[in-house]
Amino acid sequence: DSGVTQTPKHLITATGQRVTLRCSPRSGDLSVYWYQQSLDQGLQFLIHYYNGEERAKGNILERFSAQQFPDLHSELNLSSLELGDSALYFCASSVLAGSYNEQFFGPGTRLTVL
Amino acid sequence: DAKTTQPNSMESNEEEPVHLPCNHSTISGTDYIHWYRQLPSQGPEYVIHGLTSNVNNRMASLAIAEDRKSSTLILHRATLRDAAVYYCILYGSSNTGKLIFGQGTTLQVKP
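Quick note, the sequences are listed as chains A and B, same order. Quick note on my numbering: the first sequence kicks off at 701 and runs consecutively. Quick note on my numbering: the second sequence kicks off at 394 and runs consecutively.
Heads up, some of the hints might be wrong.
[What the hints assert, rightly or not] List time: in silico BS3-like cross-link candidates among lysine-lysine, alpha-carbon distance up to 30 Å:
1) A/Lys-757 / A/Lys-709
2) B/Lys-462 / B/Lys-396
3) A/Lys-757 / B/Lys-462
4) B/Lys-396 / A/Lys-757
Keep in mind that the hints were calculated from the coordinates and are not lab data. Predicted model only: the values in this text are computed from it and were never measured.
I would like the entire structure built from these sequences, with the hints used as guidance.
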C-alpha cells in the first residue's frame with residue numbers, strides 16, 4: 701500500500717459524458733501527478749501539481765483538466781469523453797517536486813467509455 | 394527528453410540474482426536514474442534511484458557506470474513476486490515533474 705488513494709476504482713460511462721477522478725496523496729506530500737495508461741500508448745504523463753499550483757504539463761488533451769485543492773487532494777476532470785479515453789488513470793504523489801524525489805503511485809482508476 | 398534503452402524481456406530462475414541493464418548514453422549531469430516496476434494489475438512502484446554512486450535499499454541495488462552512460466538494476470534473489478515490467482527512467486531538470494516511461498523490460502521469474 702503506497703498511501704495514495706484513488707476513487708473510484710472503476711468507472712463506466714458513455715461517450716460525450718464528463719467524469720471526475722479523485723486522488724488523495726500520501727500524508728505530507730505536496731506534489732500530485734496524473735498519468736494515463738492505455739494499451740497502445742503505454743504510461744503517459746498528464747500533469748503535475750505542487751502545493752496547489754500547476755508545475756508541468758504533458759500531452760494532456762484540452763478536454764481534460766485538473767486541480768489540486770488546499771487540502772492537497774487532486775481531481776482530474778475528463779469531459780466530452782471518447783472511446784479512446786478508455787484507460788487506467790494513475791495518480792502519484794511525492795514529498796516535493798525535485799527529480800531526486802521518488803513518486804508513489806495509487807492503485808488507479810479504470811475508465812471504460814462505451 | 395533523454396532516452397533509455399532496455400531489453401524488451403528477460404527471464405530468471407527463482408532465488409537467483411537478476412541483472413537488468415539500461416543504456417542512457419545521452420544522460421546529462423543533472424539527471425537522476427530512477428527505476429520503477431509495475432506488477433500485473435497494479436500501479437507503478439518505486440524501486441530505487443541514484444545520481445552517480447551505487448545505491449542499495451531493501452528492494453534492490455543500483456550499479457551506475459563511471460561515465461553514467463549505463464546502469465544495472467540488481468535483484469539479489471528473484472522471487473515470483475518480482476515478475477513485473479521494470480522501467481529505467483532519467484529524471485532531471487529538463488523533465489522535472491514528469492516521469493517519461495518507455496517500454497521497459499518484462500521480467501519473467503521461473504520457479
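Okay, the hints, checked on the actual structure:
1. The suggested pairing of A/Lys-757 with A/Lys-709 holds, with an alpha-carbon distance near 24 Å, which does not exceed 30 Å.
2. Annotation: proposed proximity of B/Lys-462 to B/Lys-396 holds, straight-line Cα distance about 11 Å (limit 30 Å).
3. For the hint linking A/Lys-757 to B/Lys-462, the alpha-carbon distance of about 27 Å falls within 30 Å, and the restraint holds.
4. In summary, the hint linking B/Lys-396 to A/Lys-757 is supported, as the alpha carbons are separated by about 19 Å, within the 30 Å threshold.
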